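Undergrad: Be aware that the sequence shown starts at -2, since it is given in our numbering, and climbs by one per residue.
Just so you know, not all the hints are guaranteed correct.
[Said to hold, decoys possible] Below, simulated DSSO-like cross-link-like pairs (lysine-lysine); rule was C-alpha separation at most 30 angstroms, straight line: (1) Lys48 - Lys325; (2) Lys307 - Lys255; (3) Lys232 - Lys325; (4) Lys48 - Lys255.
[What the hints assert, rightly or not] Restraint-style ranges between C-beta atoms, simulated for each label pair: (5) Glu197 - Glu353: 43 to 51 angstroms; (6) Leu40 - Lys176: 17 to 25 angstroms; (7) Gly139 - Ser207: 20 to 28 angstroms; (8) Arg57 - Asn134: 19 to 27 angstroms; (9) Asp154 - Phe239: 31 to 39 angstroms; (10) Lys340 - Gly96: 35 to 43 angstroms; (11) Val182 - Lys325: 36 to 44 angstroms; (12) Lys340 - Asn9: 21 to 29 angstroms; (13) Asp272 - Asn58: 20 to 28 angstroms; (14) Asn277 - Ile165: 25 to 33 angstroms; (15) Lys340 - Pro11: 52 to 60 angstroms.
Rather than coming from a laboratory, the hints here were simulated on the basis of the structure. Remember, it's a predicted structure, so these values are computed and weren't measured experimentally. We put the CB at the ideal spot given by N, CA and C, even for glycine.
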Amino acid sequence: MITTSTVLPPSNSPWLRLVHPTSDELLAIANDTAPEWSDSLPLSKYLEESKSMTDAPLARNKGMTQWILVDSRLAPNQRQILSSCESFRKRALASTNIGGIRDVIIQGIASVFCAPRYRGHGYAQRMMSELRRELRNWQLDGMQCVGSILYSDIGRDYYSKLGWTPHIHNTHVELRATKVARSPVVQDVLAEDIPALCEEDEIQLRRLLSMPPMNQQTRMAIVPDMDHIGWHLAKEEFACDFLFGEVPKNKGAVAGPKGSRVWVLWNHRYYDHPDKNEPNNVLYILRLVVEGDATYDDASDAEGNYVEQKRNLQAVIQAAQQEAHTWKLNTIQVWDPTPLVRKMLARMDLDYKIVEREHTSIASALWYHEDNDIGTTPLWLNNEHYAWC
């Protein structure tokens, strides 16, 4: 049984350690986090989901690690969990300012939590301080870790003071779900289609990063691979199976011939039960690809087959609106649209708004500079929802 002693150590105590929780401690954490993070799930299902997600893509095979800050003088299952979090090992690409590419690791930090009874003592800050040192060499398999990322739901300042600087763009396009006629150029993306699209996406991303940037800035991108997409789909399918007794068949939409294609991969997220009064549920576009788009960092205004791709983009966006309507979602979010995508959207007859996130899902990064050749803080490309954790 985990104790709840009224005597708490100071946050600067030398006895505090960052360790890994036992199964009983994981259950205790899930019970504590449920009031804030269970979304549309009742407690019993949330506890089940928490356990099942440890074997989801990206998490399995030690891809995810759970961490807790504890008093090392106390025994496991008898110690207070002063703060907790998870980390995910993410494949990433780093380019030099002359176009060289390295395969590297980015550590994603998620589920940072301090139970109300332990707040106000600086424990989360101590945990993050310990974690930033630990993750630099954690499970790298011979690769180099160039930094860590997190998504703050408590604004920009707290984590910034600890070293995690907000991304220059925490922006998304938001559209309403609506019933819309299907375009003849659009095709559904099914689960079996995703691996090939992810492989092609990575090839294009490597090609983009191999082109030296005009401003000589180094760049980094988390690879939008099957592990990342699969993690989101596992969470989606658990919730949908509980809420509806079935899971969405369509995982995205694609339009256009190869070379001029536009595709989206999406994720159904139910923060509220869909029958609740004024629910706030979202179809997240995990990844949006416009083939040939080289405007990720404003280095080029190349537009390729602009008219055709604009039509294809509108087709997949409207497919997303229809999907959201069908599955009782309220809005669609497209994170970090490129300059080309923004230009295309502005010339479409679509009702949307641009949102700058100030308080939630603030993508933030801490970069390691010593003993690597990245040097300056890189430009983080593709700050899209697939990388969220």
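Undergrad: Work down the list of hints and note, for each, if the structure agrees.
TA: Each hint, compared with the structure:
Distance hint between Lys48 and Lys325 is fulfilled; the C-alpha atoms sit about 26 angstroms from each other, no more than 30 angstroms. For the suggested pair Lys307 and Lys255, the alpha carbons sit about 15 angstroms apart, so the restraint of at most 30 angstroms is met. Restraint check for Lys232 and Lys325: satisfied, since their Cα atoms lie roughly 17 angstroms apart, inside the 30 angstroms limit. Between Lys48 and Lys255 the alpha-carbon distance is near 40 angstroms, which puts this suggested pair outside the 30 angstroms criterion.
Distance hint check for Glu197 and Glu353: the Cβ-Cβ separation is about 31 angstroms, which falls outside the suggested range of 43 to 51 angstroms. Against the hinted window of 17 to 25 angstroms, the Cβ-Cβ separation of Leu40 and Lys176 comes to about 35 angstroms, which falls outside the hint. At roughly 23 angstroms, the beta-carbon separation of Gly139 and Ser207 lies within the given 20 to 28 angstroms, and the hint holds. Here the CB-CB span from Arg57 to Asn134 is close to 22 angstroms, well matched to the stated 19 to 27 angstroms.
Checking the proposed 31 to 39 angstroms range against Asp154 and Phe239 shows it holds: the Cβ atoms sit about 36 angstroms from each other. Hint check: Lys340 to Gly96, Cβ distance near 25 angstroms, so the stated range 35 to 43 angstroms is violated. Our hint of 36 to 44 angstroms for Val182 and Lys325 is violated, since their Cβ atoms are close to 26 angstroms apart. As the Cβ distance of Lys340 to Asn9 is approximately 51 angstroms, the hint placing it in 21 to 29 angstroms is violated.
A hinted range of 20 to 28 angstroms for the beta carbons of Asp272 and Asn58 is inconsistent with their spacing of about 38 angstroms. Under the hint 25 to 33 angstroms, the C-beta atoms of Asn277 and Ile165, about 27 angstroms apart, fit the expected range. The supplied range of 52 to 60 angstroms is met by Lys340 and Pro11, whose beta-carbon atoms lie about 56 angstroms from each other.
Checked against the numbered hints given earlier, this structure breaks hints 4, 5, 6, 10, 11, 12 and 13; the rest are met.
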